[in-house]
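K.L.:
Below, each chain spelled out in residue letters.
Protein chains: 2
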Amino acid sequence: MREVAVIGAGLCKFGFYPERGTLEMGEEAVWNALQDAGVKPKDIQVAYCGTVGVDASLGPMLVGHQILQTVGITGIPISRVENMCSSGSVAFRESWFAIQSGLYDIALAFGVEKLTSTLTKNAWRWRDLLREADEYEGSRGLFPTVIYSLMLTEHMEKYGTTREQTAMVAVKNRFHASMNPYACFQKPITVDDVLNSQPIARLINLLDCCPSCDGCSAVILASSEVAKKYTTKPVYVTASAQVSGTYKSDWPPFLSDVSRRSAKIAYEMAGIGPKDLDVAEIHDAFDINEIVDYEDLGFCGEGEGGPLVQSGATKLGGRLPINTGGGLLSRGHPFGATGCAQIAEITWQLKAQAGARQVQGAKVGLTHTLGGAHQGDMGNCYIHIFKR
Amino acid sequence: MREVAVIGAGLCKFGFYPERGTLEMGEEAVWNALQDAGVKPKDIQVAYCGTVGVDASLGPMLVGHQILQTVGITGIPISRVENMCSSGSVAFRESWFAIQSGLYDIALAFGVEKLTSTLTKNAWRWRDLLREADEYEGSRGLFPTVIYSLMLTEHMEKYGTTREQTAMVAVKNRFHASMNPYACFQKPITVDDVLNSQPIARLINLLDCCPSCDGCSAVILASSEVAKKYTTKPVYVTASAQVSGTYKSDWPPFLSDVSRRSAKIAYEMAGIGPKDLDVAEIHDAFDINEIVDYEDLGFCGEGEGGPLVQSGATKLGGRLPINTGGGLLSRGHPFGATGCAQIAEITWQLKAQAGARQVQGAKVGLTHTLGGAHQGDMGNCYIHIFKR
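Protein chains in written order, with the working numbering: chain R, 4 to 391; chain B, 4 to 391.
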């Protein structure tokens with residue numbers, strides 16, 4: 004297997020930009036990645052764009068091609084990939100495969116999503132279309148908020164997890180985001196802020212949820228031989244795991260099943276265990292999601308996720324800082340842009356470029372992305388492990 | 004580079020099924036491919052689903068996962084890929100990459116599209132959404148029919164190509180389709196039928212156009228070591244080329260640019276030239292498209308495409324039979340399903356399984372798929388070359 008490294012990454016600031024175009028966000032993120040890697044547009048040999056295409060399906064097609072044209076990347080193979088919320092991680096994995104083939108030495112993985120225009124301009128029409136299509140999720144009211152509410156209820160009953168503990172995840176990730184100039188929300192919050200924010204579903208308030216915002220992220224990969232020409236600090240990909248799954252039982256929840264199976268594959272592939280990690284970006288679409296991830300990824304035992312966040316172990320300065328970029332909760336969750344944003348954060352941490360939120364001496368990092376649909380009972384998990 | 008072979012393929016009959024679900028078509032095609040390859044559902048290790056998602060965007064998500072669940076394939080990595088009309092070829096190429104990595108030995112590439120329900124049920128709403136999104140293509144009237152009308156006009160003026168010659172492409176491909184039980188249209192037609200069919204655009208009548216129908220296609224790939232366990236007739240992939248492009252000049256048309264560049268890469272990779280081909284499936288969205296392809300792929304000189312089809316060289320029994328499966332014109336063009344349907348046809352030809360439409364002694368075959376959007380001035384070309 005060919006050794007592949009990440010040599011640079013770039014984001015645009017995630018946020019709510021109803022008036023800002025997809026191409027403009029894309030241009031900024033891709034350009035930042037090229038600058039970070041010291042790579043010229045003409046050096047990119049293959050590219051993958053991850054996007055759910057909520058916006059693209061209504062108008063501009065080949066959105067990846069159009070974004071790359073803005074920075075002068077044309078002619079090369081460009082493909083769109085999609086697996087719901089994990090679309091960006093598909094882009095990364097396919098880029099890694101393309102380099103594995105030996106056909107290419109430098110690849111660009113990027114992800115983009117524009118959610119505000121759709122939400123504001125077309126929300127009502129989408130609602131009608133979904134209803135007419137007899138969409139399973141919508142027709143049963145099992146939107147993500149409700150699914151995570153059920154998950155939290157079960158976790159509280161089984162393990163004594165508290166609302167204060169879940170709120171601590173949101174507070175921690177916002178604290179990290181306050182040091183990330185690309186994060187959607189940067190103003191620190193308190194546990195009380197979370198507990199007193201607007202109720203959305205049972206036990207889930209507004210600040211327990213990630214924002215559906217706009218954004219783009221990009222990562223540049225190279226074969227190890229070529230990586231050395233561009234950087235003295237290549238960040239090697241030591242594992243790439245992907246699994247899918249379907250609903251099997253109420254507990255452990257479906258998402259735990261895919262996380263656990265992909266974690267097993269990834270740790271074996273990298274030849275390490277969770278104790279060897281210095282930093283990780285994991286899927287925190289809701290704060291309870293991060294607590295369950297801790298357990299699924301082996302950061303603690305089953306049911307110990309609440310106490311783990313309460314101990315401060317997963318905060319910057321702790322034993323294993325989690326979501327130093329702010330996570331989906333505070334960096335934001337523009338679907339297709341999340342996977343490469345997680346990888347960008349780990350790249351910067353392992354290259355010691357993370358500024359105020361730098362994890363000192365970080366050498367091994369992990370990213371974990373979930374993507375589900377269809378009543379949340381069908382989906383994917385991607386785990387990548389990186390080493391400098 | 005790891006040697007990879009196609010070991011089996013399957014289709015559902017392409018057609019107009021407003022009442023038939025995507026999952027039902029998918030189940031049939033994937034099941035047929037498993038049967039053809041002698042592979043059990045549990046043996047598939049990784050899968051890629053190519054679909055533009057015209058239907059999926061309105062309702063069912065993770066359509067590939069849902070199709071595979073119907074045949075008992077769950078848990079493995081499943082990803083959706085999309086590049087407009089070439090989406091199925093992306094699925095094939097990514098499957099090939101995944102096996103190249105060494106992580107997997109057996110992959111399933113499939114493509115699906117359901118166009119009738121969208122066209123009938125949602126056409127008006129889509130029209131409104133597209134108009135509101137200020138969609139470039141729609142707002143200028145530059146739909147594919149018009150683009151190919153302009154291409155034909157230019158080709159007639161430059162090279163003396165006749166309407167009879169373009170019609171001969173449609174007649175030839177319908178003749179081939181009459182022997183393909185999976186083709187959308189199987190009833191033979193004449194040049195007069197084409198010339199007297201309903202006018203759609205200048206010089207383009209109904210029978211000059213491919214039908215936007217429903218369908219699914221699937222192909223199973225394996226590393227050469229594993230392929231030998233399943234078949235005595237593995238069909239080796241000797242080249243995989245993908246390029247993208249943007250509009251540069253009125254002539255040669257944009258699509259010729261991407262075809263020519265990918266052909267050059269593919270022929271070099273396979274170490275052969277167009278004269279070494281025994282059979283090919285090429286992108287004939289309109290009959291003039293096939294004539295231009297002949298020239299771009301080196302089957303004849305520039306401007307000689309019309310005389311080539313007239314000579315009978317590209318008909319079954321001729322020097323280089325083209326689109327023996329019926330092509331997009333008669334097998335049909337359910338966007339995402341086209342790429343793997345082309346590969347299925349070449350697989351069957353090289354395995355001598357093509358029945359009445361068998362090209363005797365076929366050993367080397369080629370597939371060529373185009374995918375464009377945004378006023379037809381941005382798109383992709385995929386070429387794969389196969390050898391038994």
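Where hints are given, some of them may not hold.
A pair holds if it fits inside one copy or across any two, identical chains being indistinguishable in the list.
Keeping only pairs whose Cα atoms sit at most 27 Å apart, straight-line, the calculated DSS-like set for lysine-lysine is [stated by the list, open to error]:
hint : residue 1 : residue 2
1    : 267       : 45
2    : 190       : 278
3    : 251       : 43
4    : 236       : 251
5    : 390       : 43
6    : 236       : 390
7    : 161       : 190
Please keep in mind that the hints were generated in silico from the structure rather than gathered at the bench.
K.L.:
Hint by hint, say whether it matches the structure.
P.N.:
Against the structure, the hints:
With identical chains, the CA atoms of residue 267 and residue 45 are at most 27 Å apart between copies only, with a shortest distance of 20 Å across copies and 38 Å within one. Within a single copy, residue 190 and residue 278 get their C-alpha atoms no closer than 31 Å, and across copies no closer than 67 Å, so neither meets the 27 Å cut-off. Only between protomers do residue 251 and residue 43 lie at most 27 Å apart by alpha-carbon distance; the minimum there is 22 Å, versus 48 Å within a single protomer. In this assembly of identical chains, the alpha carbons of residue 236 and residue 251 never lie at most 27 Å apart, being 43 Å within a copy and 39 Å across copies at closest.
With identical chains, the CA atoms of residue 390 and residue 43 are at most 27 Å apart within one copy only, with a shortest distance of 25 Å there and 37 Å across copies. Taking the closest pair of Cα atoms, residue 236 and residue 390 come within 27 Å of each other only inside a single copy of the chain (10 Å); across copies the shortest separation is 43 Å, beyond that limit. For the identical chains of this complex, residue 161 and residue 190 are neighbours neither inside a copy (33 Å) nor across copies (65 Å), given an alpha-carbon limit of 27 Å.
The structure does not agree with the numbered hints 2, 4, 7 stated previously, though it agrees with the rest.
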